[in-house]
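Novice: From first to last, the protein sequence lines stand for chains A and B.
According to the working numbering, the first sequence is numbered sequentially starting from 1.
According to the working numbering, the second sequence is numbered sequentially starting from 434.
Treat the hints with caution; some may be incorrect.
To be verified - Listed next, the in silico SDA-like pairs over lysine to any residue satisfying Cα-Cα at most 20 angstroms (straight line):
1. Lys322(A) / Leu843(B)
2. Lys755(B) / Trp205(A)
3. Lys322(A) / Glu753(B)
4. Lys322(A) / Ser754(B)
5. Lys755(B) / Pro20(A)
6. Lys322(A) / Ala846(B)
7. Lys755(B) / Arg649(B)
8. Lys322(A) / Arg649(B)
To be verified - Covered stretches of chain A, as calculated for chain B (at least 3 residues, CB under 8 angstroms):
9. 281-291
10. 301-313
11. 358-369
Quick caveat, the hints were computed from the structure, so don't treat them as lab data.
What you are looking at is a predicted structure, and each value in this text was computed from that prediction instead of being measured.
Heads up, the beta-carbon is just placed ideally off N, CA and C, and yes, glycines get one too.
Number of protein chains: 2
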Amino acid sequence: MVASGFGSAILIGTAVLSLPIATESGERAPFVDALFTATSAVCVTGLVTVDTGQYWSTFGEVVILALIQVGGLGIMTLATLFAILVSGRLGLRTQLIAQAETKTARLRDVPHLVRNVVLFNVGSEVVIATILSVRFFTGYDMPLGEAVYDGVFHAISAFNNAGFSVYSDSLMGFVSDPWITLTVAIAFIVGGIGFPVAFELARSWRRPRTWSVLTRITLAVTVPLLVIGTVVIGLTEFSNPGTLGPLDDQGKFLAAFFASATARTAGFNSIDVAAMHPESWLFTDLLMFIGGGSAGTAGGIKVTTLGLLALVIWAELRGESKVNVARRRVPESTQRQALAIGLLSVGLVAVVTMVLMHLSPHRLDQVMFEVVSAFGTVGLSTGITADLPRSGHVLIIVLMFVGRIGPLTLFSALALRERARLFEYPEERTIVG
Amino acid sequence: MVASGFGSAILIGTAVLSLPIATESGERAPFVDALFTATSAVCVTGLVTVDTGQYWSTFGEVVILALIQVGGLGIMTLATLFAILVSGRLGLRTQLIAQAETKTARLRDVPHLVRNVVLFNVGSEVVIATILSVRFFTGYDMPLGEAVYDGVFHAISAFNNAGFSVYSDSLMGFVSDPWITLTVAIAFIVGGIGFPVAFELARSWRRPRTWSVLTRITLAVTVPLLVIGTVVIGLTEFSNPGTLGPLDDQGKFLAAFFASATARTAGFNSIDVAAMHPESWLFTDLLMFIGGGSAGTAGGIKVTTLGLLALVIWAELRGESKVNVARRRVPESTQRQALAIGLLSVGLVAVVTMVLMHLSPHRLDQVMFEVVSAFGTVGLSTGITADLPRSGHVLIIVLMFVGRIGPLTLFSALALRERARLFEYPEERTIVG
Ligand SMILES: [K+]
Ligand SMILES: [K+]
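Chain A extracted, bound-state conformation (with noise of 0.2 angstroms):
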C-alpha cells in the first residue's frame, strides 16, 4: 500500500517532467532522467542526474517541489500512522491526539492526525521561506520576486530534507553566511526529527522526566552525532584548500556543522563534496548511513535503530540481563526489528555497492557514497552521479525507493505481528566471536 502510492506519485511526477514545457530547453526529457529526477523528489533524496536549476523549466521546478512536499508529508504522515498503530506500546496515542475519547477509535482520530501533520508541516515551512526569502533580497540584492521563489524552493526542499537546490553549487555561494545555512540547517533538523519527537517537544520541553523513550533516544542520539560530525569532519577537512582551508575560524565551524547535519539525510552542501579527503567520504558514509529520526522526513536506518543497537550493547558488557532505559525495559522483539533493520540495511548497501562497481568505472569510495547517499535518501555526491552508466541509473532508482520505504514497511510489518508458541525449547548456550 505504501509502495503502491509512492510507486503512483513517482510515475504521475515522471510523466509530467517528460512534457517539453518542463524543461528549460523545450525539448523533451529523457526517459531515464525524468523517472530518476520523480523518484529523487519524492523520496526526497536529492541525487540529479541533470542540473536541477538549468535543466528544468519554472514549471519543471514547481514540479520538482510538488513532488517534494506529496514525498515529505507522506512519509511523515504514514510513518506517524504507524507509531499510532503501536500505539498502546508506545505511551505516544494519547499524546499525539488528545482530543481522542475512546482508545478503540482509531479511525475517526486519522484526519485530526493528518491535519496535526499538514500544520506541523506548512507551518514550519512558511516561517522558513520568510527568512530565507528576507535574507536573499536584503542581503545579496536579489529581485523580490526571485528571493520569495528561491526561499520558498529552499524552505520546502530543506523542511522536507530533500536537497534539491535551484543553484547549481547548492548553498556553497552562502558557506559563511549563518542567515541562510543556519536555518536551513534548523529546518531540516526540525523536519528530520520526525513528528512525534517535535510534538512532544513542543508540548512538554519543560518537562524531560516525561519524555517517551521514543524522543529520548532520538535526541540522546542526535546531539552527540551533531558534536562529532562536527569535530571529525572539522579536524580532517581543516587545511584542505578545496573545501574549509580559505575559511576563517567561525566558516570552518559553521561549514563543518553544516556538512555534519546535512550528512545526516538532508544533502545540501556549502562546501566542495569532490574536494572532500577520501577519509571524510567514509565518515560521511556512516553519518548517510544512520540517517535522522524516525516518523519525519529523513532517511537512513534512524538513530532510534542506532540508539537501540548501542543500548543492547551497552547492557550486555554491563552485564545487564534486560536492556532499560529511562526506567522502562525494551522488549526483546524491538531490539530484534532493529538488529533486522541495521544488518539487511548493511546487506542491502554491500550489495548494491559491488554490483555498481561493476558497472561503472568507478572507486569503491565513490560508488559506496554514492550508494549510502541513495538507500539514507541524502542526496551528496562526488559527482559520478550524472557519469553512470543507465543500467546503474536504473539501479540507484529502485535504491532510492526501498530506501524511502524500506526500513518503515519491514518496521511496521515486524512490529504489528507477532506470533506466540504454546511451547518453549530449552536453552542451549553457543559460543561467539
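For this one, chain A is given, so just place chain B with the ligands on it according to the hints.
Specialist: Only chain B with the ligands this time, still in chain A's reference frame:
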C-alpha cells in the same frame, strides 16, 4: 591474562628476529619490521612488510614457524578452554572430556584437554606435511630436503591459518595443482573450523541429530559461504586476464574455490590479489570480516556470530517470539553477545580505516582491504603493506593483536558473568526504522 601471554610471545619473537642471524643479509632487522613479523606470526595473520623467503634466513624462518605454532596452538587451546568454562550451558564438556567423572573436576581436566588439542594440531600437520612434501618431491623436482622443509612450513602455516609462505608469490605457482591447493585448503578449513566442532564431527559424524548448536551453526554457515564465495569470485573474475582469465575451466573452479576459502582467514593466495577487480576486493572484505569457526585458528567475527545474528533476524521476520535452532532456544544474552561482537567490530574496522586513510596516500578499496585483513588475521593484501608509513605499520600491529584476542576475550568476559536485577521495569515500545 590472554593478552599478556600473546604479548610475551610477540616480544620474545621480536627479540629473536632482531638478531643478525635471523636475516639472509646478516644485518639486524629494523625494530618495526621484527615486531610486525613477530606479531603477524603469533597472531597467525600473515601480513608482511618484508618478503618472508628472501629477507629472513632459514633460522629466521624457523623462528617464524615456531611463533605460528605457539600462536595457533595457544588460541585453539584457550578458546576451547573458554568453551569448557561455559560448558554447563554449552553441552560440549562431556563430549570433549569423556574421562571426567564429576562435573566439578574442571582443573583436573585441563591437561587432558590440552593433550587432545595438541594431538589434533600436530597430528593433522604431520599428515598435511607428508602430502605436500611428496607432491613437492615428485611433481616439482625439488631436492628431498627442500621438499620436506617446504612441506612442513606450509603444513604448519596452513593448519594454523597463518598464511605465511616461503614463496614470494605465495601459492600462485600451484594455482592449477589440486594436490597442493586442495590439501592446503582442507588444512586451513579443518584448522579454522575449531577444535570442539572438529572433535564432535570426528566422533559422531554419522549421528547429525546429536550435534550441538555450535556444530550445527558452524556447518550451516561455513558450507554456504564457501559455495557462495566460489560462485561470486568465479563470476566477477571469470575473464580477468590478471587472475582467472588464462585458466581452463577446472583451473578457474579450483582457483575461485581457493580464493573464496582463503579469505576466511587463511591468507594464502593462488591468484594475484592486486590484479583482482575492486568489487572482488569488497566481496573478499566481507568474507575476511566474517572469518571462520570459534575455538579454532580462524579470525574474524566468526561464523557462529554471523549465524546467530541471521537466526535472530529470521526469527523476527517470521514473527517468532523466541530464537530457536534445532529444538534448542538461544538465550537472549547469547544473542546480545553476538550483536556486541559484530557491531563493535564494524566500528573498530571503520575507525581504523579512517585513521589509516589519513596516514597513507592509498585509496579506500586498498586501505579497507588491508584493515579488514589485519582485523580478521587473514594476511591477504592488495600490496600496500610494505609501502605504509611506520605509523601505519604500528597501527596494523595493534589491529592484528586486537583482532586476534579481542573477540575471544570480549565473548568470554561477557559470557562468564551475568548480573540479575531483582526487579524489572515496565516495558515501553519504541519505533525503529
Ligand atoms: K535528501
Ligand atoms: K592468516
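Novice: Which of the listed hints are not met by the structure?
Specialist: 2, 5, 8
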